Structure formats: structure tokens, C-alpha cells
Amino acid sequence: MSTIFEQPRVEAPANYLNVDYGWKSWLFTTDHKRIALLYLFSITAFFMVGGAFAVAMRINLASPRGVFSADTYNKLFTMHGIIMVFFFLVPSIPAVLGNFLIPIMIGARDLAFPRINLLSWYIYIVGGIFALWAAFDGGVDTGWTFYAPYSTTYSNTHVILTAMGVFVAGFSSILTGLNFIVTIHKMRAPGMTWMRLPLFVWAHYATALIQVLGTPVIAITLVLLALERILHAGIFDPAVGGDPILFQHLFWFYSHPAVYIMILPGMGVMSELVTCFSRKGIFGYSFVAFSSIAIAVVGFFVWGHHLFVAGQSMYAGTVFSLLSFIVAVPSAIKVFNWTATMYRGSISFDTPMLYAFGFIGLFTIGGLTGLILATMALDVHLTDTYFVIAHFHYVMVGGMVMAYLGGIHFWFPKITGRMYPELWAKFAALVVFVGFNLTFFPQFLLGYLGMPRRYYSYPEEFQVLHVMSSAGASILGVGYVIPLIYLAWAWRKGPRAPQNPWDAKGLEWEKAPSPPPTFNFDTLPIVTEPAYNYSGEPEKEEPLAGEQRGDRHA
Amino acid sequence: MTRHIVPVRTYVSVYAVLIALTATTVAVSRIDLGEFNFIVAMTIAVIKAVLVIMFFMHVREASALTKLFAGAGFFWMAILIVFTLSDYLSRGWLPLGQWWR
Numbered sequence: 001m002s003t004i005f006e007q008p009r010v011e012a013p014a015n016y017l018n019v020d021y022g023w024k025s026w027l028f029t030t031d032h033k034r035i036a037l038l039y040l041f042s043i044t045a046f047f048m049v050g051g052a053f054a055v056a057m058r059i060n061l062a063s064p065r066g067v068f069s070a071d072t073y074n075k076l077f078t079m080h081g082i083i084m085v086f087f088f089l090v091p092s093i094p095a096v097l098g099n100f101l102i103p104i105m106i107g108a109r110d111l112a113f114p115r116i117n118l119l120s121w122y123i124y125i126v127g128g129i130f131a132l133w134a135a136f137d138g139g140v141d142t143g144w145t146f147y148a149p150y151s152t153t154y155s156n157t158h159v160i161l162t163a164m165g166v167f168v169a170g171f172s173s174i175l176t177g178l179n180f181i182v183t184i185h186k187m188r189a190p191g192m193t194w195m196r197l198p199l200f201v202w203a204h205y206a207t208a209l210i211q212v213l214g215t216p217v218i219a220i221t222l223v224l225l226a227l228e229r230i231l232h233a234g235i236f237d238p239a240v241g242g243d244p245i246l247f248q249h250l251f252w253f254y255s256h257p258a259v260y261i262m263i264l265p266g267m268g269v270m271s272e273l274v275t276c277f278s279r280k281g282i283f284g285y286s287f288v289a290f291s292s293i294a295i296a297v298v299g300f301f302v303w304g305h306h307l308f309v310a311g312q313s314m315y316a317g318t319v320f321s322l323l324s325f326i327v328a329v330p331s332a333i334k335v336f337n338w339t340a341t342m343y344r345g346s347i348s349f350d351t352p353m354l355y356a357f358g359f360i361g362l363f364t365i366g367g368l369t370g371l372i373l374a375t376m377a378l379d380v381h382l383t384d385t386y387f388v389i390a391h392f393h394y395v396m397v398g399g400m401v402m403a404y405l406g407g408i409h410f411w412f413p414k415i416t417g418r419m420y421p422e423l424w425a426k427f428a429a430l431v432v433f434v435g436f437n438l439t440f441f442p443q444f445l446l447g448y449l450g451m452p453r454r455y456y457s458y459p460e461e462f463q464v465l466h467v468m469s470s471a472g473a474s475i476l477g478v479g480y481v482i483p484l485i486y487l488a489w490a491w492r493k494g495p496r497a498p499q500n501p502w503d504a505k506g507l508e509w510e511k512a513p514s515p516p517p518t519f520n521f522d523t524l525p526i527v528t529e530p531a532y533n534y535s536g537e538p539e540k541e542e543p544l545a546g547e548q549r550g551d552r553h554a
Numbered sequence: 555m556t557r558h559i560v561p562v563r564t565y566v567s568v569y570a571v572l573i574a575l576t577a578t579t580v581a582v583s584r585i586d587l588g589e590f591n592f593i594v595a596m597t598i599a600v601i602k603a604v605l606v607i608m609f610f611m612h613v614r615e616a617s618a619l620t621k622l623f624a625g626a627g628f629f630w631m632a633i634l635i636v637f638t639l640s641d642y643l644s645r646g647w648l649p650l651g652q653w654w655r
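Sequences listed follow chains A and B, in order.
Residue numbers are given in our numbering: position 501 of the first sequence equals residue 501, and the series is strictly consecutive.
With positions in the second sequence counted from 1, the corresponding number in our numbering is that position plus 554.
Just chain A, with the same shape it has in the complex (with noise of 0.2 Å):
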């Protein structure tokens, strides 16, 4: 007779992930935990895509003759364009760790709508159905800023379909914008005053303003691209009566504010990691809350510089010119108040610190950049070139994708109770800040040359500086491969995680075990002291205006 001796079996307490497993429990879902998990598996599965067509660019552009044709090479860095812009920039971190996050952090058990949170989910993929049907049945030629009288008059490809995809997947960020818009006003737990707030979620509110505010405007002006094609209406096309110009100010009136729904999360993200990693309180919260609603306000007022070779007149062109300085203002705020934030903290360099400082030092090449090209005379000199490639991706990839990393890495242990493996995460965050320079930098020095985008050939002298940055990007592939290899074996085989394995300050880590149950929280959580009180010094006391101070004591 033999006795079988079982392992004791210890039940993990329910939460988000183990309460229920069924494929209706993933697809039906309202919670919004849920929810941001299955933004995160398809929009690293846009990523994928993305990234792909990025390869085979930079495959291209390695020999001076390129390697594909130029009309496919022209569908590809199109595709790129829209994928990354339309179905991973914009969604990423508000979509992701904005559903999983805010309503955890302000103490509520869910977002307002969690019905709409998920209709939000479906609308993103139906329109990454319609871009994804386009590139895989032939592609679009148009560069992902449609411009007329080209996509209007003269392309042959897919453009309706696509346009079609990026007009419904707007209607998706909208409804996340509404949500959190609703959430931040209506459902803070008692004691979370605005000016307790944690910045994460000043940063997503002043997206979700830019969200509602201009992704209208994108949709409606696609609506008029595809009447202009199929009715020849006469309104961006100038044979028939139409300014290609106003499509340049309608798209742009969307698309750069549209930018900073692409950096304001990645922001937000960056004032959690500065402030958790030094051990100390953010430097003049109040300025870094308002440079993000500043930021959302002043990216409406700066389109035109999009426009200076254009066709534009002078006078607006100097407008947007100086509009777009006073835009650089807050940003730099927010980089200046991080800075001082780490002066005399507590610095310790885990992985998403490491992601943290990538994040303020490219920003602030891609930032400064930026003004390059704001002034007009060099902008003549430097549009359409590579110099405006580097820049944008050293905002893009360089900030909002390293504060993506970097915030993934951070919630990892909250969103998934595990931990992920330092020593390859740290490897992971070097291999993609070299490889990222490596390909990015080289760019600038060929714009600056005179190399312009979209091209799919060049003349020899300029191979030295494309094979580097290929090179780079093959280097910058494999840092982005690692982090999927051990996050996706960490999620299965990690160490548990503690509650609070970064000794941080907000509910998320301090109220909500390692996952969160499916309402977040046990207790109705009570707010009673500031946003990254690691001192633990009582909140200064302000008395309001027509309040005795008195009284509030008695």
C-alpha cells in the first residue's frame, strides 16, 4: 500500500486575472483591468506589424539603389506611419495603462462607462481590421498624412479603406477620452482632491481633453477626403475648385495636437518613476500638473508650422513660428521639475528609472529639435528631410515608447503579481537606448545633408549614415524582442509579487494587493495626504479663500 503525499494547495485570493477564465469572461468583460489587457495584447500586436514594415524600410535603405521597387518602397513607410501613429501611438499608454490605472489611483471600483470602455475596444479593432485589410490587399501610397490633391486625385491604392480604419479607430479614442474625462470629475474617493491627484492622471486628463476635442476634426476632414474622391466634390482638390492647403490645416489641427496624446501619458508615466525611484516628492507639483492641461491647450495653436513651404502666407507662418516656441514652455517645465526632483534624492537605477532617464534625455534632443524646426528659415531649409524623422521619433520612440517600457516594467508586478527578471531588464533597457541612437541619431546629420524622407533611393556618399542606422534598428529590434521573451515568461514563471515591491506611495500600491480583486480595492479606500508624500511630512496647510483657519481646526 502505497501513500500518495500531495503538496499542501494554497488558493491565490481571487483577483482580476484567476476570476474567471473563459474566453466570454475576456470578450465580454467590463472590467476595466480587463479591458486594458486586451488593449495591451493588440497593440503590441499592432506594434509587430508596425515594426515589420519598419525592417523592410530599413532593409531598403541599407544600399543606395534600395531593394524593393519605389512603389512598394512608398507603401511601406506609409503602413509604418499609420500603424504606429493610428494603432499604436495614440492608444498605447492611455489605452493600456490609463484603463488600468486611473480608476485604481483616484479609488474608484471601475471607469464611468465600463460598457463604453469595452464598446472603445471593439470600435479600435474593427478599424485596425479595415488599416490591416488595406496593407495586406495591396497597401497605400499616401504617407500616413493623406495629403490631397495626391490621395484625393492621383492614387491607385487603398486610401478609403484606410481612412476608413484610422475615422473609426478615432471614435475609439474619443470614447476613452469621454471615459476618463467622466471618471477624473465624478469618481475620486473621498479625500482625492484635484490637487492630490497623482500627475498619471493629470497627464490622461489633459489627453482625454485633446481626445474629444480634436480627434472630431481628423474624422470629419477623412469623411471629406473620401467624398472628394468619390464625388469629385471640390473641396481639397484644385482641379475642380478645391485647396489641397485646407486639408493640410484640418489634418494638422488634428494631428499635432494629436502628438501630445501621443507624449502627455508618457509624461505622466514619467512623473510616477522620477518620483518613486528618488524617494522624494515631485518638484512644484502644481507646475507639473498645469503644464499638461498648458500643453493641451497651446498643441491647438501651433499647427501651422507644419505648413511653412506650403503655401501658407507670411504672417501666419510667423504666428504658428512663435506659438510653437511658447508650446516648448511647459514641456521644459516638466523636464526642469523632474530634474530637480532626482537633485539630492534617493536614486536607485531599476529598470524603469533606467527608461526614465533614456526618456528626459532623448525627449529633450527631440523637444529641442523641435524649436529647430519651428523657425522658419532653417525649416525651409530642413522640411522633408530626415532632420524632421530623427526629431519626431526621438518624441516619439525616444520619449512616449521608453516611458511605454518603462511604465510596463513599473505596473508589471501590480498588473500581472509577478516580478519580471532585473538582470535581463536592465540588459533590455541598454540594448534599445544604443540601439535607438544608433539608428535615430545618424538621421539628423542626414537630413541636416540634405537626404529627404520617403525617398527610396539616395546617392552613395549618404550610405555610411543609412547602413549605420539600420544597423541600429536591427540592435533596437532585439531590445524590444527581449522585454517580450522574459515579460511573457515572467507573467507564467515570475517570483509572486508583493503588494508594494517598489516601496512606492499612491492607492495603486498601497491600497490594491498584487493583482487588484476585480473591484479594486476591499475597502473603500480614504485619501488623507498628497501625491508622493515619501517624506511623510503632513500636507502643507492653504487655507481657502473666505476660510478662517480657525475654524477648519475646530
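No false leads were mixed into what you were given.
The following residues of chain B were derived to be distant from chain A, with all beta-carbon distances above 12 Å:
(1) Pro561
(2) Val568
(3) Leu575
(4) Thr576
(5) Thr579
(6) Val580
(7) Leu587
(8) Phe590
(9) Val594
(10) Met596
(11) Thr597
(12) Ile598
(13) Ala599
(14) Leu605
(15) Phe610
(16) His612
If you want a taste of the chain A side facing chain B, the calculated C-beta under 7 Å gives, among others:
(17) Leu213
(18) His249
(19) Phe253
(20) Phe300
(21) Gln312
(22) Ser313
(23) Met314
(24) Tyr315
(25) Ala316
Facing chain B, from chain A, some residues (calculated, C-beta under 8 Å):
(26) His185
(27) Val217
(28) Phe301
(29) Gly304
(30) Val319
Everything labelled a hint here was simulated from the structure, so no lab data went into it.
Remember, predicted model here, so these are calculated numbers, not experimental data.
Quick reminder that beta carbons are idealized off the backbone N, C-alpha and C, glycines included.
Knowing the structure of chain A, use the given hints to seat chain B on it.
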């Protein structure tokens, strides 16, 4: 949350006014008012839009915050129009072409 109940009579009256204004637009379009053609048509259109927003979309009874957001939508549309016009209306102000010569 309290909800103001709007009597059906109000909806019907607003609807009647909207129809009347539409009829006015059509009627006015048959008369040539010169420069005022555009001004009259736009004025009627704006009045109709305001009626729809205030009564059918209930902004009239809404909280100050909702009014602020509704106003923000128009403010943002004004940004779009004003700055786009700042290009169109100022073309030719600076005779750049002659500086080259």
C-alpha cells in the same frame, strides 16, 4: 442626481420654431440681399443650433461644468476657423515675391 422634467409642450414649440426657421431660410434664399445673403442664412442657422443644444440636448438645465464643456467645443471650433482664416485672409500681405527681385 435630480433631473428636470421638460414638458412636452416645450419640445413641440421648439420643433415648431425650428420648422419655421427652416421655412424662413428657404424663403429668404429666393430674395437677393446682396452681402446679407450669407449673414442672414448663418444667423438663422446659429439660432437653430442654439435651440437644439439648449432644449433638445438639455444644456439649458445642465450643470455649469456641462455648460463649460459644451462651450469648449465651440471655442475649439473657433480656434480652427480663426487660425485657418489667419492664413487665407493674410495671403499677399507681405509681398515676398518682390523681395527676391
